[in-house]
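Protein chains in written order, with my numbering: chain D, 4 to 140; chain B, 4 to 140; chain V, 4 to 140; chain E, 4 to 140; chain C, 4 to 140; chain G, 4 to 140.
Take these hints with a grain of salt, some might be off.
Same chains, same names: a pair is fine if it fits in one copy or spans any two.
[Claimed, not checked] 35 Å max Cα-Cα, derived DSBU-like pairs, lysine-lysine:
id, residue 1, residue 2
1, K55, K126
2, K28, K68
3, K28, K53
4, K55, K28
5, K12, K55
6, K126, K74
The set of hints was computed from the structure by calculation and includes no laboratory data.
6 protein chains.
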Amino acid sequence: MVYLTRVEKFNAAHKLWVAEWSEEKNTAVFGRCANANWHGHNYTLHVTVKGKPDPYTGFTMDARKLGAIVKSAITDHVDHRNLNLDVPFIPTGIQPTSENLVIFFWQQLTPLLPPEIALYRLKLYETDSIYAEYFGE
Amino acid sequence: MVYLTRVEKFNAAHKLWVAEWSEEKNTAVFGRCANANWHGHNYTLHVTVKGKPDPYTGFTMDARKLGAIVKSAITDHVDHRNLNLDVPFIPTGIQPTSENLVIFFWQQLTPLLPPEIALYRLKLYETDSIYAEYFGE
Amino acid sequence: MVYLTRVEKFNAAHKLWVAEWSEEKNTAVFGRCANANWHGHNYTLHVTVKGKPDPYTGFTMDARKLGAIVKSAITDHVDHRNLNLDVPFIPTGIQPTSENLVIFFWQQLTPLLPPEIALYRLKLYETDSIYAEYFGE
Amino acid sequence: MVYLTRVEKFNAAHKLWVAEWSEEKNTAVFGRCANANWHGHNYTLHVTVKGKPDPYTGFTMDARKLGAIVKSAITDHVDHRNLNLDVPFIPTGIQPTSENLVIFFWQQLTPLLPPEIALYRLKLYETDSIYAEYFGE
Amino acid sequence: MVYLTRVEKFNAAHKLWVAEWSEEKNTAVFGRCANANWHGHNYTLHVTVKGKPDPYTGFTMDARKLGAIVKSAITDHVDHRNLNLDVPFIPTGIQPTSENLVIFFWQQLTPLLPPEIALYRLKLYETDSIYAEYFGE
Amino acid sequence: MVYLTRVEKFNAAHKLWVAEWSEEKNTAVFGRCANANWHGHNYTLHVTVKGKPDPYTGFTMDARKLGAIVKSAITDHVDHRNLNLDVPFIPTGIQPTSENLVIFFWQQLTPLLPPEIALYRLKLYETDSIYAEYFGE
Chain D
4 MVYLTRVEKF NAAHKLWVAE WSEEKNTAVF GRCANANWHG HNYTLHVTVK GKPDPYTGFT
64 MDARKLGAIV KSAITDHVDH RNLNLDVPFI PTGIQPTSEN LVIFFWQQLT PLLPPEIALY
124 RLKLYETDSI YAEYFGE
Chain B
4 MVYLTRVEKF NAAHKLWVAE WSEEKNTAVF GRCANANWHG HNYTLHVTVK GKPDPYTGFT
64 MDARKLGAIV KSAITDHVDH RNLNLDVPFI PTGIQPTSEN LVIFFWQQLT PLLPPEIALY
124 RLKLYETDSI YAEYFGE
Chain V
4 MVYLTRVEKF NAAHKLWVAE WSEEKNTAVF GRCANANWHG HNYTLHVTVK GKPDPYTGFT
64 MDARKLGAIV KSAITDHVDH RNLNLDVPFI PTGIQPTSEN LVIFFWQQLT PLLPPEIALY
124 RLKLYETDSI YAEYFGE
Chain E
4 MVYLTRVEKF NAAHKLWVAE WSEEKNTAVF GRCANANWHG HNYTLHVTVK GKPDPYTGFT
64 MDARKLGAIV KSAITDHVDH RNLNLDVPFI PTGIQPTSEN LVIFFWQQLT PLLPPEIALY
124 RLKLYETDSI YAEYFGE
Chain C
4 MVYLTRVEKF NAAHKLWVAE WSEEKNTAVF GRCANANWHG HNYTLHVTVK GKPDPYTGFT
64 MDARKLGAIV KSAITDHVDH RNLNLDVPFI PTGIQPTSEN LVIFFWQQLT PLLPPEIALY
124 RLKLYETDSI YAEYFGE
Chain G
4 MVYLTRVEKF NAAHKLWVAE WSEEKNTAVF GRCANANWHG HNYTLHVTVK GKPDPYTGFT
64 MDARKLGAIV KSAITDHVDH RNLNLDVPFI PTGIQPTSEN LVIFFWQQLT PLLPPEIALY
124 RLKLYETDSI YAEYFGE
């Protein structure tokens, strides 16, 4: 088994805000991330798949095809978008934290991968100093 | 003369949109950057000052003091903010492109520097692939 | 389970030197790392915790709280310090290699984490080319 | 157990081309990677070993020794070389993809490590956006 | 005047070899860079233009247009190519060093820029440790 | 004229401390940088020379030769050393700040460069967030 990772980037706006909470509680919990008029990030997503390299091509999976799938499943929907408002697969009222994003991205991506390829890990950098990883369970 | 650079980061939302233009024209000119609900970036700002190192301290300028000035003059106002709506020193209707931001940041910063220190260059990364530089004229 | 990583940095001096060994043996084993007057590094520490994202906040753990704990448990004690002489939780005579540091950092950090959060991995970069990882056993 | 990683770099030429296939098929499958006159990359290899730090030295393994072994086993043979033509341990007709390279590198490296040290992971960056990982099985 | 930089990447093979020289002299001068079967690099090109930001768009120049021009003028011709053999605008027998590449790239790029925009600087990274810069004279 | 840059790294200990000042004043001015038992950094030095590429080699200057000169003139003397105590060309009592280091490095380097090559710029990163540049005057 050899693991192949493809890195894709997107730029998006978001805020963290629980509708059931007061402004005071939102600010106490989320700090500047609760700014009413949003803020944003350059996100970097590492998509890792796992499989046996093909004896002819030497590919676990064609990295260009993997890139195209990630684009159509994820980055086309989130790049230059508002993660709270604009993305059909992020449910309203769920915080678009990196931890939740990797779970939603996993659900988007797995149905589109070839059957012989397992999605192994998603790693999402929100900044250089904060990132989330998900292994599907 | 020795040049000293301090790097600071901030995360902000923005969009590019000319109010006098139709939606069609805005989209034609700005593409995804015109998304109505905003998008955002992790910005990285390099602030370079120029001076003669002090014979006692060896400092062109104390980098911690420079960091504190950049924070109070710039990043406190733009970090986790909306660059179109939330920042007093960015005039309404002016596009918050990196090119315009470095000009506004220059105006904010110069009055706060010690008289013996010249601001030499501002360099603002909007993404890893796009950055603007300004030398004050 | 979603893994959340917070990255923190510190700058420290150290040397590698076994007191029971001759200067010749120390130099033969440690090379330039045995320099009597110390050398130093910009260390980068990746702290990864593991947990279930909170249904309200979407946080495995508040990254700012994690940062504050790492600061009080680790970086406040090692930043701008001498790792052989200045750090109470690094025993005298134990080499402050990256491999040993991640073990000591683990011991410092685990008692301070909330009970529902497991420390998963510490990864310490000593340079861009050398890093150590520890998973607690 | 503490994991120690040493990072080494090399620059090499290669192409992806299955001799049994027509030019049309090679181009359809490999795209620009099938360019007849080769292309090339700056590769970055992360070699991770696993062991118990020595009580005297604090080393899982001396990182300089690990670097020397990686150099003699791998990078001396691939740096400034053509991966399809110049490397004895890459069989003719096998595609020098990152996925296959990490398998060949694993075979080169394991016989040269000290018996108490286990090779844990090879991670090979072909570009900033594509990398392969191998754990030996 | 505000300077705008767009970063583009390409992967290419090359070798350094003076046809009039013996193999011995080529190897003595160029070392491993003279390897007969080529080697290669991931090149990173920073293209900096200079101009006055447009009062409506806030752009020195639309970074997407600049990227498209760099692609059609340069990277389409050198990406996944052999710099000694495959590139019409690199004369046969001229060494494809980074120093020469930035001069050829400059000649390719300047005729395609809008008249109000001046090309200010090309900066080409051959590796993380070696780069060339050219200002047009 | 084409500018060529070679990047070299070194790891060193230092502290900032003016002997004529009290401990209180040193701590007030230098903060944690005055720690009695030193601290340290991974320094990254960018050495930029300027010249006309040779018509045969295409080199402004052979980057390997430049690297060798930087090593013998600078990094051999400062790598794994204490910048306050161990380096002959840093005068006692002068603070080893990045600003002063680039001046001393300039003096070391210029006599060793070939006559047709001008040293253009030294850029020294002390951390990812602080760097000094010197152009020789």
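Which numbered hints are broken by the structure, listed smallest first?
-> none
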